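Visitor: Put together the whole structure using the sequences plus the hints.
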Amino acid sequence: MRIVIADDAVLFREGVARLLAEAGFAVVGQAGDAVELVDLVRAEHPDVAIVDIRMPPTHTTEGLDAAVTLDTVHPGIGVLVLSQYVEAHHAVRLLGDDLPGRGYLLKESVTELDRFAEAVRTVAAGGVVVDPDVVAEMLGRRRGGALAGLSDREAQVLGLMAQGRSNQAICAELFLSPKTVETHVRNIFTKLGLPAGADGNRRVLAVLTFLREGRIRR
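Each residue of the sequence shown is one higher than the one before, counting from 73 in the numbering used here.
Quick caveat, the hints were computed from the structure, so don't treat them as lab data.
For clarity, every value in this text was computed on a predicted model and none was experimentally measured.
All the given hints hold, so there is nothing to weed out.
In silico EDC-like links for lysine to aspartate or glutamate, alpha-carbon gap of 20 Å or less: (1) Lys179 x Glu94; (2) Lys179 x Glu209; (3) Lys179 x Asp105; (4) Lys263 x Glu226; (5) Lys179 x Glu86.
Guide: The following block contains the structure:
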(Lines of atoms letter the chains of each structure in order from A and count residues from 1; the text may use other names and numbers.)
(Lines give C-alpha, C1' and ligand atoms only; values in the text may rest on other atoms or scores of the structure.)
Protein backbone atom coordinates (compact mmCIF):
# COMPACT_ATOMS: atom_id res chain seq x y z
CA MET A 1 0.00 0.00 0.00
CA ARG A 2 1.43 3.36 -1.10
CA ILE A 3 1.32 6.23 1.39
CA VAL A 4 2.21 9.93 1.28
CA ILE A 5 2.59 12.05 4.42
CA ALA A 6 2.08 15.81 4.75
CA ASP A 7 3.22 17.63 7.90
CA ASP A 8 5.46 20.65 8.30
CA ALA A 9 7.15 19.14 11.38
CA VAL A 10 9.99 17.12 9.85
CA LEU A 11 10.69 15.00 12.95
CA PHE A 12 7.03 14.04 13.33
CA ARG A 13 6.76 13.29 9.63
CA GLU A 14 9.84 11.08 9.68
CA GLY A 15 8.58 9.31 12.78
CA VAL A 16 5.24 8.52 11.12
CA ALA A 17 7.05 7.29 8.01
CA ARG A 18 9.20 4.97 10.10
CA LEU A 19 6.18 3.57 11.95
CA LEU A 20 4.34 2.95 8.70
CA ALA A 21 7.36 1.23 7.17
CA GLU A 22 7.56 -1.05 10.21
CA ALA A 23 3.89 -1.91 9.70
CA GLY A 24 4.55 -2.92 6.09
CA PHE A 25 3.43 0.19 4.19
CA ALA A 26 5.41 1.87 1.41
CA VAL A 27 5.87 5.59 2.08
CA VAL A 28 6.38 7.02 -1.42
CA GLY A 29 6.70 10.70 -0.55
CA GLN A 30 6.58 13.43 2.08
CA ALA A 31 5.36 17.03 1.88
CA GLY A 32 5.87 20.02 4.15
CA ASP A 33 2.91 22.10 3.01
CA ALA A 34 -0.41 21.81 1.20
CA VAL A 35 0.93 22.76 -2.22
CA GLU A 36 3.62 20.09 -2.04
CA LEU A 37 0.98 17.60 -0.92
CA VAL A 38 -1.24 18.17 -3.95
CA ASP A 39 1.75 17.95 -6.30
CA LEU A 40 2.91 14.76 -4.59
CA VAL A 41 -0.49 13.09 -4.89
CA ARG A 42 -0.70 14.07 -8.54
CA ALA A 43 2.75 12.59 -9.21
CA GLU A 44 2.67 9.42 -7.07
CA HIS A 45 -1.02 8.32 -7.12
CA PRO A 46 -0.87 6.95 -3.57
CA ASP A 47 -3.52 4.77 -1.94
CA VAL A 48 -3.66 6.97 1.17
CA ALA A 49 -2.60 10.50 2.10
CA ILE A 50 -1.93 11.23 5.78
CA VAL A 51 -2.34 14.95 6.35
CA ASP A 52 -1.87 17.33 9.27
CA ILE A 53 -4.71 19.86 9.55
CA ARG A 54 -2.48 22.82 10.40
CA MET A 55 0.25 23.60 7.89
CA PRO A 56 2.04 26.67 6.46
CA PRO A 57 1.67 29.48 5.82
CA THR A 58 -0.95 30.32 8.49
CA HIS A 59 -1.03 27.02 10.37
CA THR A 60 -4.83 27.06 10.53
CA THR A 61 -6.64 24.73 8.12
CA GLU A 62 -4.36 24.54 5.07
CA GLY A 63 -3.94 20.79 5.44
CA LEU A 64 -7.66 20.20 5.83
CA ASP A 65 -8.41 22.49 2.88
CA ALA A 66 -6.09 20.42 0.72
CA ALA A 67 -7.38 17.12 2.10
CA VAL A 68 -10.98 17.78 1.10
CA THR A 69 -9.90 18.42 -2.51
CA LEU A 70 -7.57 15.44 -3.00
CA ASP A 71 -10.25 13.27 -4.59
CA THR A 72 -10.40 15.71 -7.51
CA VAL A 73 -6.65 15.23 -7.99
CA HIS A 74 -6.62 11.45 -7.54
CA PRO A 75 -10.14 9.92 -7.41
CA GLY A 76 -10.56 7.14 -4.89
CA ILE A 77 -7.65 8.16 -2.66
CA GLY A 78 -8.03 7.47 1.05
CA VAL A 79 -7.40 10.48 3.28
CA LEU A 80 -6.46 10.29 6.97
CA VAL A 81 -6.28 13.68 8.69
CA LEU A 82 -4.31 14.15 11.91
CA SER A 83 -5.09 16.83 14.49
CA GLN A 84 -3.51 17.85 17.77
CA TYR A 85 -6.90 18.77 19.25
CA VAL A 86 -10.44 17.36 19.41
CA GLU A 87 -12.21 19.49 16.79
CA ALA A 88 -15.35 17.65 15.74
CA HIS A 89 -16.33 20.28 13.18
CA HIS A 90 -13.19 19.47 11.20
CA ALA A 91 -14.17 15.80 11.10
CA VAL A 92 -17.61 16.77 9.82
CA ARG A 93 -16.12 18.95 7.11
CA LEU A 94 -13.72 16.22 5.99
CA LEU A 95 -16.55 13.70 5.69
CA GLY A 96 -19.18 16.13 4.48
CA ASP A 97 -19.08 15.23 0.77
CA ASP A 98 -20.08 11.61 1.42
CA LEU A 99 -16.78 10.40 -0.03
CA PRO A 100 -15.60 6.98 1.13
CA GLY A 101 -12.17 6.40 2.59
CA ARG A 102 -11.88 9.24 5.09
CA GLY A 103 -10.50 9.35 8.63
CA TYR A 104 -9.84 11.81 11.44
CA LEU A 105 -7.41 10.91 14.24
CA LEU A 106 -5.65 12.74 17.02
CA LYS A 107 -1.89 12.85 16.59
CA GLU A 108 -1.32 11.12 19.92
CA SER A 109 -2.97 7.98 18.53
CA VAL A 110 -0.14 7.54 16.01
CA THR A 111 2.01 5.97 18.74
CA GLU A 112 -0.49 3.12 19.03
CA LEU A 113 0.85 1.38 15.96
CA ASP A 114 -1.73 -1.38 15.61
CA ARG A 115 -4.60 1.07 15.87
CA PHE A 116 -2.94 3.54 13.53
CA ALA A 117 -2.15 0.89 10.92
CA GLU A 118 -5.71 -0.41 11.07
CA ALA A 119 -7.03 3.12 10.50
CA VAL A 120 -4.83 3.47 7.41
CA ARG A 121 -6.09 0.14 6.06
CA THR A 122 -9.69 1.10 6.78
CA VAL A 123 -9.61 4.36 4.83
CA ALA A 124 -7.68 2.67 2.01
CA ALA A 125 -10.55 0.18 1.76
CA GLY A 126 -13.14 2.96 1.60
CA GLY A 127 -14.18 2.95 5.26
CA VAL A 128 -14.54 5.82 7.71
CA VAL A 129 -12.53 6.21 10.93
CA VAL A 130 -13.09 8.84 13.61
CA ASP A 131 -10.93 9.20 16.72
CA PRO A 132 -12.56 7.76 19.87
CA ASP A 133 -12.17 11.08 21.70
CA VAL A 134 -14.17 12.86 19.00
CA VAL A 135 -16.81 10.13 19.14
CA ALA A 136 -16.98 10.43 22.93
CA GLU A 137 -17.53 14.18 22.66
CA MET A 138 -20.39 13.68 20.22
CA LEU A 139 -22.00 10.92 22.28
CA GLY A 140 -21.99 13.35 25.21
CA ARG A 141 -24.27 15.72 23.33
CA ARG A 142 -28.02 15.47 23.01
CA ARG A 143 -29.07 13.51 19.95
CA GLY A 144 -31.50 15.06 17.51
CA GLY A 145 -33.05 14.30 14.14
CA ALA A 146 -32.63 10.76 12.89
CA LEU A 147 -30.46 9.83 15.87
CA ALA A 148 -33.27 10.54 18.33
CA GLY A 149 -34.86 7.18 17.54
CA LEU A 150 -31.81 5.15 18.54
CA SER A 151 -31.66 3.38 21.86
CA ASP A 152 -28.70 4.07 24.13
CA ARG A 153 -27.12 0.75 23.14
CA GLU A 154 -27.65 1.44 19.43
CA ALA A 155 -26.05 4.86 19.85
CA GLN A 156 -23.11 3.18 21.56
CA VAL A 157 -22.75 0.67 18.74
CA LEU A 158 -22.93 3.48 16.17
CA GLY A 159 -20.22 5.35 18.06
CA LEU A 160 -17.95 2.31 17.81
CA MET A 161 -18.77 2.01 14.11
CA ALA A 162 -17.59 5.61 13.77
CA GLN A 163 -14.25 4.55 15.23
CA GLY A 164 -13.92 2.07 12.37
CA ARG A 165 -14.69 -0.98 14.53
CA SER A 166 -15.91 -4.13 12.83
CA ASN A 167 -18.85 -6.10 14.20
CA GLN A 168 -16.39 -8.56 15.72
CA ALA A 169 -14.50 -5.75 17.47
CA ILE A 170 -17.78 -4.31 18.77
CA CYS A 171 -18.65 -7.73 20.21
CA ALA A 172 -15.37 -7.78 22.12
CA GLU A 173 -15.73 -4.17 23.32
CA LEU A 174 -19.30 -4.49 24.59
CA PHE A 175 -19.23 -8.19 25.57
CA LEU A 176 -22.11 -8.96 23.23
CA SER A 177 -22.75 -11.94 20.98
CA PRO A 178 -22.29 -11.56 17.21
CA LYS A 179 -26.03 -12.07 16.70
CA THR A 180 -26.87 -9.27 19.15
CA VAL A 181 -24.46 -6.85 17.48
CA GLU A 182 -25.82 -7.76 14.05
CA THR A 183 -29.32 -6.99 15.33
CA HIS A 184 -28.24 -3.61 16.70
CA VAL A 185 -26.49 -2.71 13.43
CA ARG A 186 -29.52 -3.76 11.38
CA ASN A 187 -31.79 -1.66 13.64
CA ILE A 188 -29.48 1.33 13.22
CA PHE A 189 -29.68 1.05 9.42
CA THR A 190 -33.47 0.76 9.56
CA LYS A 191 -33.98 3.68 11.96
CA LEU A 192 -31.65 5.92 9.94
CA GLY A 193 -33.57 5.05 6.77
CA LEU A 194 -30.56 3.61 4.99
CA PRO A 195 -31.51 1.51 1.95
CA ALA A 196 -30.61 -2.13 1.68
CA GLY A 197 -27.29 -2.70 -0.04
CA ALA A 198 -23.66 -3.32 0.75
CA ASP A 199 -23.18 -3.13 4.52
CA GLY A 200 -19.86 -1.33 4.05
CA ASN A 201 -21.55 1.54 2.24
CA ARG A 202 -24.36 1.70 4.78
CA ARG A 203 -21.84 1.82 7.61
CA VAL A 204 -20.26 4.89 6.01
CA LEU A 205 -23.65 6.56 5.61
CA ALA A 206 -24.57 5.77 9.22
CA VAL A 207 -21.32 7.29 10.48
CA LEU A 208 -21.92 10.42 8.40
CA THR A 209 -25.37 10.79 9.94
CA PHE A 210 -23.83 10.39 13.39
CA LEU A 211 -21.22 13.07 12.72
CA ARG A 212 -23.67 15.57 11.29
CA GLU A 213 -26.44 15.22 13.81
CA GLY A 214 -24.33 14.43 16.84
CA ARG A 215 -23.04 18.00 16.79
CA ILE A 216 -26.42 19.74 16.63
CA ARG A 217 -26.62 20.88 20.22
CA ARG A 218 -25.12 20.40 23.64
